[in-house]
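These protein sequences, in sequence, are chains S and B.
Plus 21 on top of the position in the first sequence (first one is 1) and you've got my numbering.
Reminder that position 163 of the second sequence reads as 148 in my numbering, one-by-one numbering, no gaps.
Derived from the structure by calculation, the hints contain no laboratory data.
The reader is advised that the hints may include incorrect statements.
Unchecked claim - As a list, the in silico DSS-like pairs of lysine-lysine whose alpha-carbon atoms are at most 25 Å apart:
1. S:K253 to S:K241
2. S:K150 to B:K155
3. S:K27 to B:K90
4. B:K155 to B:K90
5. B:K90 to S:K32
6. B:K90 to S:K222
7. S:K241 to S:K150
8. S:K103 to S:K150
9. S:K253 to S:K222
As the list claims (entries may be wrong) - Okay, the calculated beta carbon distance ranges per label pair:
10. S:Q87 to B:V72: 30 to 38 Å
11. B:G86 to S:A226: 31 to 39 Å
12. B:P171 to S:L127: 55 to 63 Å
13. S:E78 to B:R163: 52 to 60 Å
14. B:M0 to S:K150: 22 to 30 Å
15. B:N22 to S:F107: 31 to 39 Å
16. B:P171 to S:F107: 51 to 59 Å
Each residue gets a CB set at the ideal place from its N, CA and C atoms; glycine is no exception.
What follows is the residue order along each chain.
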Amino acid sequence: MGNRVKFAAGKLCEFLLTALLVSFFTFAAFSIIPGDAARVMLGTTATEEQVEHLRTELGLNEPLAQRYVSWLTSAMRGDFGKSLAFSEPVSELISSRLPVTLGMSLIALIIVIVVSFPFAAVCSRRPGKFTDRALSAAGHILFAIPPFALSMMLIILFTRVFGIVAVGQYARPSDDFGKFLSCLILPAFCIALPKIAMTFKFLRASMIEYSASDFARTSKSHGLTDFMILIKHIIPNSAVSSITVISLVLSDIMGGSLIVEQVFNLPGLGRLLLAAISRRDFPLLSGIVFYLALMTVVLYFMSDMIAALIDPRIRDRRTS
Amino acid sequence: MNLARISKRYLIMGMTLLGIVLAFFLIGLIWTPYGINDTDAAAKLLAPCADHLFGTDNMGRDVFSRCLAAARYTLLVSFAGVAVALVLGTVAGLAAGYFGGITDKIIMILSNSVMCFPGILLALVAVAVFGPSLYNVIWALGLVFAPTFARVYRSGTIELMTRDFILQSKVMKVPPVRLMYVHILPNLMAQILPAVITGLANMTLFESGMSYLGLGVQPPAASYGKMLSDAQSYMTVAPWLIIFPTLILVFYILGLYFISEWVRTSVRGGSQ
């Protein structure tokens, strides 16, 4: 029990410190703009008066440390200020675009898990044989295609070869939830494919390792069938050790969705991010960046905690 | 199928793919059949033919010439970006592993925070703030990739620190920098090499993504990512605009993966 508390406390401190650093990086990135931030945002055509007005509005005339503290305290309340380009609160813009990015990421994650586990199990049965080599080679190739190029290839395939024209459409979740989901599936699939290769590779290696372990051999000598050993021992063990990898994959998926949204013309966070970049809307940009990074920090923290909760070896390794 | 034969097969496949890309790069440096931005109103969206091997785009530009010329930026950004990341990662990783304690804690938490920005987000921020240019892309991606190398060096150094020859050098008061350079760096070569090669491949994926978003290599220079995003509106009528740039990117990345697989398997085979 002592171990458990000590581990959780250590992880919590690490989590809070990382979150603080991430917030500082985000803030700093937009404060070290060469020259005058307000001037950069408004462009060269703005008058001196407009620039001065924006400076006061953004609080740029105050000292840096004070600006950081006030930015952080309002960010913690979910207030990232007001977008310059859309003249709406940043938090509202983010939450209106969130369903697409989040929905796509979750569907992609489900696809990754559903596909990579059975394939890894099949391959780990006979490593080095034909099925294993074929699937591993396929994984390599999938990993090498940039997700946006893969999306375009699949769009060409679907529209030209199968004659499905529904690609690139979008329905709001409040209007037609079924259609909303169905238009996210192909993009999610495109993000998921390279990640399947990554998860598959890790799972395959860990399953091969567990198949050769003592407890697998003992179970075999007790008369369990290979299939039962796989279901009862090898898959649960690999699943626990793959939690960290899956959290990495999920953060990669979120990063990947920023680009793939662009190919499928979906109104998600990626589109918002690009709009913010091209319009030099720094309050909106820092809001999105901080939000995405914070989600990743929370994700890593949760995966660490879950892994330690299920597998006592992880929390004992730290303290011993 | 023994390990040596598999590993040799990886080497052959990897070298073939990289050879093709390298040929593109070298030819592109000295000669392209058409100018990369020469438009030809009479030859818009032509399918691949004898005059235009890879076809032409919506402005009548020759895709083959553009593919030849774009190879240099893919190679440049991947190598320069990895070089930046390697320098940063080596210094941070060695310092963290060698000094341990509070230095280690600080470096690790910094590199963890950098890794918390998913995918190309950090590089996008850098480009948004400093403006899109080749150099900004290179250092931004280098910064994003540095923690990967730092981790490899850190764990490798921690492992080496318990070995007798390192302990002895420490007892003999060999200065830390010399000890790292003479004893630690060469011993970690086998671990860092596959990471560097995979880093080149991942860097290419990131660079093409940024160019696709219009935030990477800037026109008038040709880049594969930008070619793909330009071609997006025409992809169903002119799939060759998508297929050829993608193929070269895939050849390069896949070739690198095969070589890193070769390094990994041959090192493992050698130590057993």
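**Request:** Sort out which numbered hints this structure fails and list those numbers smallest first.
**Result:** Those not satisfied are hints 2, 6, 8 and 12.
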